[in-house]
Amino acid sequence: MKLGILINEGPFTHQASDSAYQFATAALKKGHEIIRVFFYHDGVYNSTKFADPPSDDRNLVQQWSKMAEEHGVELIVCVAAAMRRGINDDALAPGFQISGLGQLIEAGIEADRLVTFGD
Amino acid sequence: MKLGILINEGPFTHQASDSAYQFATAALKKGHEIIRVFFYHDGVYNSTKFADPPSDDRNLVQQWSKMAEEHGVELIVCVAAAMRRGINDDALAPGFQISGLGQLIEAGIEADRLVTFGD
Amino acid sequence: MAEEFDDEFDGPVKRFLFVNRKAPYGTVYALESLEVVLISAAFDQDVSLVFVDDGVFQIVKDQDTDGINMKNFSRTYRALEGYDVEKLYVEKESLDARGLTEDDLLVDVEILDSQGLSDLMDAQDVVITS
Amino acid sequence: MAEEFDDEFDGPVKRFLFVNRKAPYGTVYALESLEVVLISAAFDQDVSLVFVDDGVFQIVKDQDTDGINMKNFSRTYRALEGYDVEKLYVEKESLDARGLTEDDLLVDVEILDSQGLSDLMDAQDVVITS
Amino acid sequence: MLHTVNKSPFEKSSVTSCLRLAKNGSGILFLEDAVFAALQGTSVSDVVAGRAKDFQFYVLGPDLAARGLSEKPVIDGVEVIDYEGFVDLVEEHDAVHSWL
Amino acid sequence: MLHTVNKSPFEKSSVTSCLRLAKNGSGILFLEDAVFAALQGTSVSDVVAGRAKDFQFYVLGPDLAARGLSEKPVIDGVEVIDYEGFVDLVEEHDAVHSWL
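Residue numbers (our numbering), protein chains in the order written: chain A, 1 to 119; chain B, 120 to 238; chain C, 239 to 368; chain D, 369 to 498; chain E, 499 to 598; chain F, 599 to 698.
These are computed hints drawn from the structure, not numbers from a lab. Check before you lean on any hint, since a few could be wrong.
[Unchecked claim] Listed next, with one range per pair, are the computed distances between beta-carbon atoms: (1) C:E319 with D:K455: 38 to 46 Å; (2) A:D57 with D:D452: 23 to 31 Å; (3) C:G320 with E:G539: 29 to 37 Å; (4) D:G450 with A:Q62: 29 to 37 Å; (5) B:D171 with A:H71: 28 to 36 Å; (6) D:K455 with F:E689: 21 to 29 Å; (7) C:K309 with D:D452: 20 to 28 Å; (8) B:S218 with F:E682: 39 to 47 Å; (9) E:G539 with A:G31: 50 to 58 Å; (10) F:E682 with A:Q62: 38 to 46 Å; (11) B:E188 with E:A547: 39 to 47 Å; (12) A:D56 with F:E689: 30 to 38 Å.
[What the hints assert, rightly or not] Each computed EDC-like pair below joins lysine to aspartate or glutamate, with the alpha-carbon atoms no more than 20 Å apart: (13) A:K30 with F:D674; (14) F:K621 with C:E331; (15) A:K30 with F:E689; (16) F:K670 with D:D487; (17) B:K121 with E:D592; (18) A:K2 with F:D692; (19) A:K66 with A:D89; (20) B:K149 with E:E582; (21) F:K651 with C:E331.
[Said to hold, decoys possible] If you want the footprint, here are the derived chain D segments under chain A, 3+ residues with CB under 8 Å: (22) 415-424; (23) 437-448.
Beta carbons: idealized from backbone N, C-alpha and C, even for Gly.
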């Protein structure tokens, strides 16, 4: 199955990005394809390479980057949501790209299922 | 009256920072002193100078900076909450300073009232 | 999954449902969701919006945000028709619980009971919530 | 506002109340609030914690976060005593609604009914919530 | 004590919790999405109105206006205030408890 | 349709809204703080149990374990699954509706 994933919250305040990451990991393990992870609303905060969590905690930004690298998962950050929140190209961790909201609709069209994680 | 203000959410997703700003503006107008605004949890996102909201919308980061400049209001961003969220000195808008959580407790001790705005 | 092909567009047409359950201004979700809806109009899909729970407050008339210094985006709902987004549904039970009637709303909507809305929502291909 | 002065500290001692109303892990508030409580211990104030509503889940025993890959910070509540933070209160009604009892909790707390908790909370100088 | 609540009573339980745990005689201010709790004719009106003897209720007018609700009748005993009134309330009460 | 709910039934109305608006025969997955809705002996157990004939309920085990609730009995008819089971549910249903 081709999956699209929408993440609406940042990497700390809500469990959304954690749940999405665990879900995505399980889907890849079962051989499904993740055609795109789209970061919207506060979800854009998942993309900043400056995030520096305590060493005894998980680092979701790095986890997503690694998934992009190892599995070719596309990580798209909404440009409009990112701009107003102060996320620009200079902040992006590896594997993340800034693009338009059309990429979310396209994911909805092309994926067999779109799964949303948020507040 | 000496006021301390605690802001727990960022500048877009929740109204918290807006409400706090309107409250602070009214308090200054009435001649009260704001001894400190403390930004915690996602509130630290209020401090990034890279925020670039649409021109027809308010810019809370600039509003807070201006209040700091015009009224000498101290804007303190929690270092621990900021680090994990990717906010560091390079990101700070004018008037914001990064410091420790002790500044929140101190504000609670020194202010006549501590008022919290959050989710 | 049901997929149809229309005359002018050679991709699949899917039924997209945008579910609005949150009040405006208290959070940004209503505003940013509306931005997605506007973009979706460019993709020639079968788009529906439902307003349930506090989402019905998004389309209440006479919003005046001057006193809170936030952008009043409620007029944009009126502009949806110009984007060919014309399927707007509201749950009657949500209006009733909030003391609102159709007269309080700033756009034309179809009012459905929970059962009718349930059927409509179940028949969608892609559900986007926020 | 009531202000007392104690022997060792020449600033005012205020009654600080930390109100925990949110479950752990679903949001970060419980974890980050606990960080504030630990810092507050250094200021020799009169610190109390209350756990009401879903906040009671913060101190449920046997939390095991391996399956969600998040940090299990529940042991820190046990360490509070070492910081002289010893006034922990739980609302009985909140426990009852969630099917929990004192045996489910990982720290010693005082259980109060709503009325008792109401009185306690009303007598505070600084209330910090998140 | 001044209590503030900012969440919709239709969506979250914070209004209910505040009404249960605030001490009689307290002030309770509804702001942001909690302004819905101040309106007559809703599914929660009776709950709030039933406590009008126990508390002094306030609602933030600018938040009502933003949501198109300025003309809707508020529950008897609820006072509509602006941000300056909010500041006055904070001054008049000895502490503030925000129900987040 | 697979419905997912991630908010505590004690704090937010999303479980209630999902139960009102999901079509009979749907699957409903409780994850994150919504796992509380799957437990026996709470103030909302009867509401969920009363719909066990209408829906197939699932609860995410890792979220129960994180919250120290693995040993608590779940409501009859609720199936405990892991993240791989979540993926299977998404595959088995024709679409997913997240109640945020």
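Regarding K455 (chain D) and E689 (chain F), is the given constraint of 21 to 29 Å on their beta-carbon distance met? The hinted range 21 to 29 Å is violated for K455 (chain D) and E689 (chain F), with Cβ atoms some 51 Å apart.
With the threshold set at 20 Å, check whether the alpha-carbon distance from K149 (chain B) to E582 (chain E) stays at or below it. Given that 20 Å is the threshold and the Cα spacing comes to 8 Å, the pair holds.
Is the Cα-Cα distance between K651 (chain F) and E331 (chain C) 20 Å or less? Outside the cut-off at roughly 23 Å; violated.
Are the Cα atoms of K121 (chain B) and D592 (chain E) separated by 20 Å or less? holds (12 Å)
Are there three or more residues in the region 415-424 of chain D whose C-beta lies within less than 8 Å of some C-beta in chain A? As far as the region 415-424 of chain D goes, the hint is violated, because 0 residues have Cβ atoms under 8 Å from chain A.
Within 8 Å of chain A's CB atoms, at least three CB atoms from the region 437-448 of chain D: coverage verdict: That given contact holds, which follows from 3 residues of the region 437-448 of chain D lying within Cβ reach (below 8 Å) of chain A.
Verify the proposed pairing of K66 (chain A) with D89 (chain A), using a straight-line Cα cut of 20 Å. It holds: about 18 Å lies between the C-alpha atoms, which stays within 20 Å.
Could you see if the CB distance from D57 (chain A) to D452 (chain D) stays within 23 to 31 Å? Holds, since D57 (chain A) and D452 (chain D) (Cβ atoms, about 26 Å apart) stay within the stated range.
Satisfaction of hint between D692 (chain F) and K2 (chain A), Cα-Cα up to 20 Å: It holds: about 12 Å lies between the C-alpha atoms, which stays within 20 Å.
For the hint 39 to 47 Å, verify it against the beta carbon of E188 (chain B) and that of A547 (chain E). Holds - the Cβ-Cβ distance for E188 (chain B) and A547 (chain E), about 46 Å, lies within 39 to 47 Å.
Given the proposed pairing of K621 (chain F) with E331 (chain C), does the C-alpha separation stay at or below 20 Å? holds (16 Å)
Does E689 (chain F) lie within 20 Å of K30 (chain A) when you go C-alpha to C-alpha? Between K30 (chain A) and E689 (chain F) the Cα gap is close to 11 Å, so the pair holds against 20 Å.
Violated hints for the displayed structure, listed by number in ascending order: 1, 6, 7, 10, 13, 16, 21 and 22.
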